[in-house]
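**Student:** Sequence:
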Amino acid sequence: MVDKLTMTGSHHTFDKIMWGDLDKTDLSQKPVLRKPFISELGSVNPHIVVPGDAAWSDADLEAQAEALVANKLVNNGHLCASPQVLVTCREWPQRRAFLDAVRRKIAAARPPRCFYPGAEKQHAGHLKSMGEAAFVQPQSDSTEARTPTPLIFLEDLRIPKERSEAADPMGLREEAFGCVLYEVALNSNATLPAFLPVAVDFCHERLWGNLSCTVVVDDATRAHHQDHFEQILDSMQFGTIGVNCPPGLACSLPQLTWGGFPGNDERDVQSGIGRTGNLSCYENVEKSIMYGHFRNLQTFQLAESPQEAMHALVRADLVAAVFSKRSFLNITNLANFELAKAARRHKTVKTLAKRVADVLARRPVL
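Under the working numbering, the first residue of the sequence shown is numbered 1051, with each subsequent residue one higher.
Honestly, the hints are just simulated from the structure, not real lab data. Among the clues, some could well be false.
What the hints assert, rightly or not - Below 20 Å or equal to it, Euclidean Cα-Cα: the simulated SDA-like pairs (lysine to any residue) are:
{"id": "1", "residue 1": "Lys1171", "residue 2": "Gln1189"}
{"id": "2", "residue 1": "Lys1391", "residue 2": "Ala1353"}
{"id": "3", "residue 1": "Lys1375", "residue 2": "Asn1386"}
{"id": "4", "residue 1": "Lys1054", "residue 2": "Asp1103"}
Claimed, not checked - Pairwise CB distance ranges (calculated):
{"id": "5", "residue 1": "Leu1329", "residue 2": "Arg1376", "range": "16 to 26 Å"}
{"id": "6", "residue 1": "Ala1217", "residue 2": "Thr1063", "range": "22 to 32 Å"}
{"id": "7", "residue 1": "Phe1378", "residue 2": "Gly1070", "range": "52 to 62 Å"}
Just so you know, these numbers come straight off a predicted model, no measurement behind them. Glycine included, every Cβ here is placed at the ideal spot set by N, Cα and C.
Construct the entire structure; sequences and hints are all you get.
**Tutor:** Set out below in structure tokens:
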């Protein structure tokens, strides 16, 4: 006897199971499925970049652009937590430099290959919607049987003033579930107190779904506006929020929760009903929030060559060893690897020192 069902997938699959061939918009109709149904579905996930009180360094711009692109390319974009809309401040003096860094990282990344059923058709639809302004990832010569599906990126997506399902761009209302990325620039003063509330309101009102959201903010700016920042986080209606880290990591931490924000119903399920995780069995959980430093071990990185791909596998093993057992040997091994990597890629030793200090202090988030 089955008492409860659970699924992960798209809202279209949910509707087919829940409603069959019935019209869910007809309030006289009742669902075909009458049992509790936990569903973890998709979303048009935002990636909000908060302007700093002080300018970011060139290394910071490159690192944050790499973290975004690498997160977008995880599993070739076939991920419910994949970022789809980059939300920036039009008045941020470094916006152009950051977008240029994103383009460079897209061009340097190894081209992905769509493998999920229907993903290539969806990719083609988004590319057509973007038009000639789309930045298409350059293709390298490939002898492999399956043709790469390039990551496509559109800057400054134009948003109609009035919300309308017919008029809203495809990028806001349809989850791509593939290698598709849009940027929306919002008009606001380039400060955290002015921009972040505008960005959150935009995400609530114009983006489909409420599964996850990433907020990127430098440590000094967050500390300076800590109370205001926490108030805004409290108001955000997403099932999981990652501050300087990919929210999808919550799936690997059983104490946290994963699923859509409470309030979705069977007629408008969006990102799903119910949640997974919550090993500690907290009641009435609204959302999970993960915090990381501006530069941290939890962000994804690109492997721009087979050699870097091998280095990434080694690094993953070293990071996993530190998380499983914070021994002097494991920490030393990771520190040596990071120092060598910093020397290769000309990154600052200051970031490494902060990472090692976090491990030594046994902080829960690196």
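**Student:** Take a quick look at whether Lys1171 and Gln1189 sit within 20 Å of each other, Cα to Cα.
**Tutor:** 19 Å, holds
**Student:** Range hint 52 to 62 Å: satisfied by the CB atoms of Phe1378 and Gly1070?
**Tutor:** 60 Å, holds
**Student:** Are the Cα atoms of Lys1375 and Asn1386 separated by 20 Å or less?
**Tutor:** Given that 20 Å is the threshold and the Cα spacing comes to 17 Å, the pair holds.
**Student:** Using the C-beta atoms of Leu1329 and Arg1376, is the stated range 16 to 26 Å upheld?
**Tutor:** For Arg1376 against Leu1329, whose Cβ atoms are near 21 Å apart, the range 16 to 26 Å holds.
**Student:** Between Ala1217 and Thr1063, does the beta-carbon spacing fit 22 to 32 Å?
**Tutor:** The hint (22 to 32 Å, Cβ to Cβ) holds, given that Ala1217 and Thr1063 are roughly 27 Å apart.
**Student:** Within a Cα-Cα threshold of 20 Å, do Lys1054 and Asp1103 meet the stated pairing?
**Tutor:** Cα-Cα ~49 Å, so violated.
**Student:** Would the hint linking Lys1391 and Ala1353 be met if the CA-CA limit is 20 Å?
**Tutor:** 13 Å, holds
This entry does not satisfy hint 4, going by the numbered hints stated previously; all others are met.
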